[in-house]
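Chemist: Listed here are the chains, written in short residue letters.
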Amino acid sequence: QKEVEQDPGPLSVPEGAIVSLNCTYSNSAFQYFMWYRQYSRKGPELLMYTYSSGNKEDGRFTAQVDKSSKYISLFIRDSQPSDSATYLCAMRYGGTSYGKLTFGQGTILTVHP
Amino acid sequence: DAMVIQNPRYQVTQFGKPVTLSCSQTLNHNVMYWYQQKSSQAPKLLFHYYDKDFNNEADTPDNFQSRRPNTSFCFLDIRSPGLGDAAMYLCATSRVTGVRNTEAFFGQGTRLTVV
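First to last, the protein sequences are chains A and B.
Note that our numbering numbers the first sequence so that position 37 is 37, with each residue one more than the last.
Note that our numbering numbers the second sequence so that position 31 is 31, with each residue one more than the last.
No lab work stands behind these hints: they were computed from the structure.
As the structure is a computational prediction, the values presented were derived from the model and not from experiment.
The reader is advised that the hints may include incorrect statements.
Away from chain A, derived, C-beta distances all over 12 Å, residues of chain B [claimed, not checked]:
| id | residue |
| --- | --- |
| 1 | 16 |
| 2 | 75 |
| 3 | 93 |
Within a straight-line C-alpha distance of at most 30 Å, the following computed DSBU-like cross-link-like pairs (lysine-lysine) qualify [what the hints assert, rightly or not]:
| id | chain 1 | residue 1 | chain 2 | residue 2 |
| --- | --- | --- | --- | --- |
| 4 | A | 70 | A | 56 |
| 5 | B | 52 | A | 70 |
| 6 | B | 44 | A | 56 |
For each residue, glycine too, the CB sits at the ideal point set by N, CA and C.
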């Protein structure tokens with residue numbers, strides 16, 4: 001079983017739709033959770049960085065963490081064609097960890113006009 | 001404004017010919033990482049430097065080496081590239097202070113092709 005599971009999609013939605021992206025994980029030692037966006041042939045770009053269970057909002061993006069269920073989500077409101085990319089969830093241990101990230105496989109999202 | 005810069009963006013090398021990828025950062029972060037990302041797969045950590053301390057992942061092949069001559073620069077050396085080493089190589093940085101660790105910032109990656 002992979003430590004982090006993410007539905008690879010692909011996911012295709014019309015412009016303006018609400019997008020929900022999800023990851024589950026098995027190791028309760030993960031304490032920090034991130035969402036990265038990766039355009040084709042580019043490096044990952046950090047979108048959201050969270051620690052606590054609950055919601056964190058930044059513009060059209062909302063990250064949700066449920067540590068009890070080992071489940072994280074990213075919601076994109078009013079999706080735009082420019083949101084078309086691969087979305088990677090990532091997580092790392094807390095404490096004195098040097099910061100190794102464990103990634104999900106990535107979900108390919110296409111937002112069509 | 002570029003903070004983590006990788007060169008070159010695209011690299012073609014011959015089977016078995018040593019190749020070096022470079023990464024520089026302007027963030028003054030003390031940790032630098034090298035990840036390998038194959039097509040449609042998650043990035044996989046190869047190794048990292050915590051200041052000058054080198055840390056290898058257990059499953060990183062011996063074919064991969066790294067150097068960090070100073071805080072700003074880090075190199076990935078592939079001694080004898082095989083066809084299976086074709087991938088995107090991602091450099092990332094973060095700052096660790098005690099138990100605190102910032103988020104990781106990635107470069108644009110170097111896409112390596114082995115012919």
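Chemist: If a hint holds in the structure, say so; if it doesn't, say that too.
Modeler: Hint-by-hint comparison with the structure:
1. 16: holds (26 Å)
2. 75: holds (17 Å)
3. 93: Residue 93 of chain B not clear of chain A: closest Cβ-Cβ about 10 Å, inside 12 Å.
4. A/70 / A/56: Distance of about 17 Å is within 30 Å: holds.
5. B/52 / A/70: violated (35 Å)
6. B/44 / A/56: holds (27 Å)
The structure is inconsistent with the numbered hints 3, 5, although it conforms to all the rest.
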